[in-house]
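S.K.: In case you want the letters, here they are:
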Amino acid sequence: MAAKSPKPYVKLPGRGRRGWVLTTSFTSLWMATDHLMQVEGTRISEDYKRFYFKDIKAIIMRRTRTWITNTWILLGLAALFMGLFALIAFNVQPLERIGFLVVGGCIAGFFLLCAAINVCLGPTCICHLRTPVQQEELPSLSRIRTATRALKRIRQAVEAVQGPFGPNERAEAAALIAQYEVFPNAPVAIDPHPTSPPPLPGNAPFDSSRWQIGLVAALLATAILEILSVIGIRGALALTLNQVANLAIGGISIALLARLPRHAEKAAAWTRVAVWGVWFAVGGIYGIVGGIRYGMEHPGQQSDIVKIMGMLPKTYFVTMSVAAATYLLWAALEGIALVQTEMRKASQPPTSAATSATTNDPY
Amino acid sequence: MPCPSCASEVRALVFPAFLNHLESTSAEAILDETEASCFYHPAKKATVACESCGRFICALCEVELEGSRLCPQCLESGKRKGKLTSLEGSRTLYNSLALVLAVVPIFTVSLTLIAAPIALFICLYYRNAPRSLVRPGRWKWWLALILSTLQIVGWVFFFVHLANAPHKPHHNAPGQTHQAPIHSKG
Chain A
1 MAAKSPKPYV
11 KLPGRGRRGW
21 VLTTSFTSLW
31 MATDHLMQVE
41 GTRISEDYKR
51 FYFKDIKAII
61 MRRTRTWITN
71 TWILLGLAAL
81 FMGLFALIAF
91 NVQPLERIGF
101 LVVGGCIAGF
111 FLLCAAINVC
121 LGPTCICHLR
131 TPVQQEELPS
141 LSRIRTATRA
151 LKRIRQAVEA
161 VQGPFGPNER
171 AEAAALIAQY
181 EVFPNAPVAI
191 DPHPTSPPPL
201 PGNAPFDSSR
211 WQIGLVAALL
221 ATAILEILSV
231 IGIRGALALT
241 LNQVANLAIG
251 GISIALLARL
261 PRHAEKAAAW
271 TRVAVWGVWF
281 AVGGIYGIVG
291 GIRYGMEHPG
301 QQSDIVKIMG
311 MLPKTYFVTM
321 SVAAATYLLW
331 AALEGIALVQ
341 TEMRKASQPP
351 TSAATSATTN
361 DPY
Chain B
1 MPCPSCASEV
11 RALVFPAFLN
21 HLESTSAEAI
31 LDETEASCFY
41 HPAKKATVAC
51 ESCGRFICAL
61 CEVELEGSRL
71 CPQCLESGKR
81 KGKLTSLEGS
91 RTLYNSLALV
101 LAVVPIFTVS
111 LTLIAAPIAL
121 FICLYYRNAP
131 RSLVRPGRWK
141 WWLALILSTL
151 QIVGWVFFFV
161 HLANAPHKPH
171 HNAPGQTHQA
181 PIHSKG
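Chains as they are written, first to last, in our numbering: chain A, 1 to 363; chain B, 1 to 186.
Do not rely on the hints blindly, as some may be mistaken.
What the hints assert, rightly or not - Below, in silico cross-link-like pairs of lysine-lysine (DSS-like), each with a Cα-Cα straight-line distance of 25 Å or less: (1) B:K79 / A:K54; (2) A:K7 / A:K152; (3) B:K83 / A:K54; (4) A:K49 / A:K152; (5) A:K49 / B:K79; (6) B:K45 / A:K49; (7) A:K49 / A:K7; (8) B:K83 / A:K11; (9) A:K152 / A:K11; (10) A:K7 / A:K54; (11) B:K79 / A:K7; (12) A:K54 / A:K152; (13) A:K49 / A:K11; (14) A:K7 / B:K81; (15) A:K49 / B:K83; (16) A:K7 / B:K83.
To be verified - Ranges of calculated distance between the beta carbons of each label pair, as one might list FRET restraints: (17) B:G67 / A:T24: 36 to 42 Å; (18) A:W72 / B:G67: 16 to 22 Å; (19) B:L143 / A:Q93: 44 to 50 Å; (20) A:T69 / B:E66: 42 to 48 Å; (21) B:G67 / A:A160: 46 to 52 Å.
Claimed, not checked - Not everything, but these chain A residues come out facing chain B in the computed CB check (under 7 Å): (22) D47; (23) R63; (24) W67; (25) V161; (26) I227.
FYI, nobody ran anything at the bench for these hints, they're computed from the structure.
In this text, all values refer to a predicted model and were calculated from it rather than measured experimentally.
For every residue, glycine included, the Cβ atom is placed at its ideal position computed from N, Cα and C.
Bound conformation, chain A alone (with noise of 0.2 Å):
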């Protein structure tokens, strides 16, 4: 009997994630003999980069504060969906007020289990990969535990095929990483953003930040509307300005759809298309089919969004109502996140592509 040949590809420990609910993919790290491959597929498709273990230069790992924020993010929501389901249990009748408190607790628990695996997975990071022609990320490598793990194993490959540093050569890669090291401010060799080029005259990047402003301030708007027609304020103005608040949501994600250049914005902004219009689409049906229905059951009666609106089973728009305003509060957190790299970025000094450009670069 013939022996199984062996795989060619053996994964890697970790696993990534780019792009968000509707646009995910997932992305992981394989190792074959000669190079290591990295897979990042949808549920259909794959796209595959290569990187030769011969053509290696460095593999940088950062560690980031992402898993303190997102642990704080969930821990928050949990408060807010424990007060959100005490404030409405405390306002109904007592059969129905532990009902409240049991799926709010349920809804919590989701929320603090999340955190406690964030917190047990550990710090996060972002790793990158160097050759003689690019950087590339590696986001299956976002845990310092796991990419730790797989770093061990790729520094062992690598070193098989080019071998262990000379005496001298040693001293000149700490001579160079020194040199970045003890004078930030002058012209370096390693280049951040080497596959970004240097704008065109006339032709400025797209500066989000107003649009994200805007969109955030519409999403907490609606967010804010969502709640309080959950406590019982849903008169004609507040239905209305949700109305308001929510074309405005549409329209603003898909300018930003149709101007933004980075992959996870756009990911972002697909999504919020994409839940905009689903939440659209269900209102829109709920209005016509809610008019024809109410204006069977009360004939002669010109109906309107509050009639349509008050002839929904209480459960149901509490659910739905807390369901929407869930999906604002995040999306606006996650628009905040955005706003704030884009300050951040305006903040710093140009010392990218610009500057390297110009320098004497020893790859």
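Model the placement of chain B on the given structure of chain A, informed by the hints.
M.R.: Positioned in the frame of chain A, the structure of chain B alone reads:
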């Protein structure tokens, strides 16, 4: 060491290639008419023959891949025909697509009427299509085939049952009432 800009902790794993410089390749010009010239650059000296088509190629055109020396045209055709797997940048996973089409519409029931035949078609038409480079197993293909076949069989049974079901009158004629036959006792 900390990043000089944001003070984040940074660790760099550096390899000997860190000190290597990019080397540019140049091809020698022909000095004598008796020298063999490159098929693509007649003014350059041929250094090797393509191991796929046999054309003479210069140092500029020579590409070493998977232990073979190839010319640019063979490289391009090998990539196009999928013979050189190490050049493949992406793959469509037809078995996963078929599985998605066989599983997701189950939650809506009615959509399986359209999706199951499509899933079955993809299963059969792309049965020999290349699978994932890293997870080449066939279980998704088999599962999609079984699920889509079962759904189609289910729909066939449903329609056959519908066609053979006894016709029940929906409306009674005016003045008549539909009553079940009453059996008299004794």
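S.K.: If a hint holds in the structure, say so; if it doesn't, say that too.
M.R.: To see whether the hints hold, each was checked on the structure:
1. For the given pair, B:K79 sits about 22 Å from A:K54 by alpha-carbon distance, which is consistent with the 25 Å threshold.
2. For the hint linking A:K7 to A:K152, the alpha-carbon distance of about 20 Å falls within 25 Å, and the restraint holds.
3. For the hint pairing B:K83 with A:K54, the CA-to-CA distance comes to about 24 Å; that is within 25 Å, so the pair holds.
4. Between the alpha carbons of A:K49 and A:K152 the distance comes to roughly 20 Å, so the proposed pair stays at or under 25 Å and holds.
5. Restraint check: the Cα-Cα separation between A:K49 and B:K79 comes to about 15 Å, which is no more than 25 Å; the hinted pair holds.
6. Straight-line distance between C-alpha atoms of B:K45 and A:K49 comes to about 34 Å, which puts the hinted pair past the 25 Å bound.
7. This hinted pair checks out: A:K49 and A:K7 have alpha carbons roughly 18 Å apart, not beyond 25 Å.
8. Distance restraint check for B:K83 and A:K11: the Cα-Cα separation of roughly 24 Å lies within the 25 Å cut-off, and the hinted pair is therefore satisfied.
9. Straight-line distance between C-alpha atoms of A:K152 and A:K11 comes to about 14 Å, which keeps the hinted pair within the 25 Å bound.
10. Distance check on the hinted pair: A:K7 and A:K54 sit about 21 Å apart at the alpha-carbon level, within 25 Å; holds.
11. Restraint check for B:K79 and A:K7: the C-alpha separation of about 22 Å stays at or below 25 Å, so the hint holds.
12. Proposed proximity of A:K54 and A:K152 is supported: the alpha carbons are some 17 Å apart, at most 25 Å.
13. Proposed proximity of A:K49 and A:K11 is supported: the alpha carbons are some 14 Å apart, at most 25 Å.
14. With a CA separation close to 23 Å, the supplied pair A:K7 and B:K81 stays within the 25 Å bound.
15. Distance restraint check for A:K49 and B:K83: the Cα-Cα separation of roughly 17 Å lies within the 25 Å cut-off, and the hinted pair is therefore satisfied.
16. For the given pair, A:K7 sits about 19 Å from B:K83 by alpha-carbon distance, which is consistent with the 25 Å threshold.
17. In this structure, B:G67 and A:T24 meet the distance hint of 36 to 42 Å, their C-beta atoms being roughly 38 Å apart.
18. In this structure the hint that A:W72 and B:G67 lie 16 to 22 Å apart at CB is violated, the actual value being about 54 Å.
19. Taking the beta carbon of each, B:L143 and A:Q93 are about 48 Å apart, inside 44 to 50 Å as hinted.
20. Checked against the hint of 42 to 48 Å, the pair A:T69 and B:E66 passes, with Cβ atoms roughly 45 Å apart.
21. For the hinted restraint 46 to 52 Å between B:G67 and A:A160, the CB-CB distance of approximately 18 Å leaves it violated.
22. With 7 Å as the threshold, the beta carbon of A:D47 comes within range of chain B, its nearest partner Cβ sitting at about 5 Å, so the hint holds.
23. For the restraint placing A:R63 at the interface with chain B, the shortest Cβ-Cβ distance is roughly 4 Å, inside the 7 Å limit, so the hint holds.
24. Hint on A:W67 is violated. Least Cβ distance to chain B is approximately 13 Å, over the 7 Å limit.
25. Below 7 Å, beta-carbon pairs count as interface contacts, and A:V161 has none with chain B, the closest being about 9 Å; its hint is therefore violated.
26. A hinted interface residue such as A:I227 counts as satisfied when its beta carbon comes closer than 7 Å to some beta carbon of chain B; here the least separation is about 31 Å, so the hint is violated.
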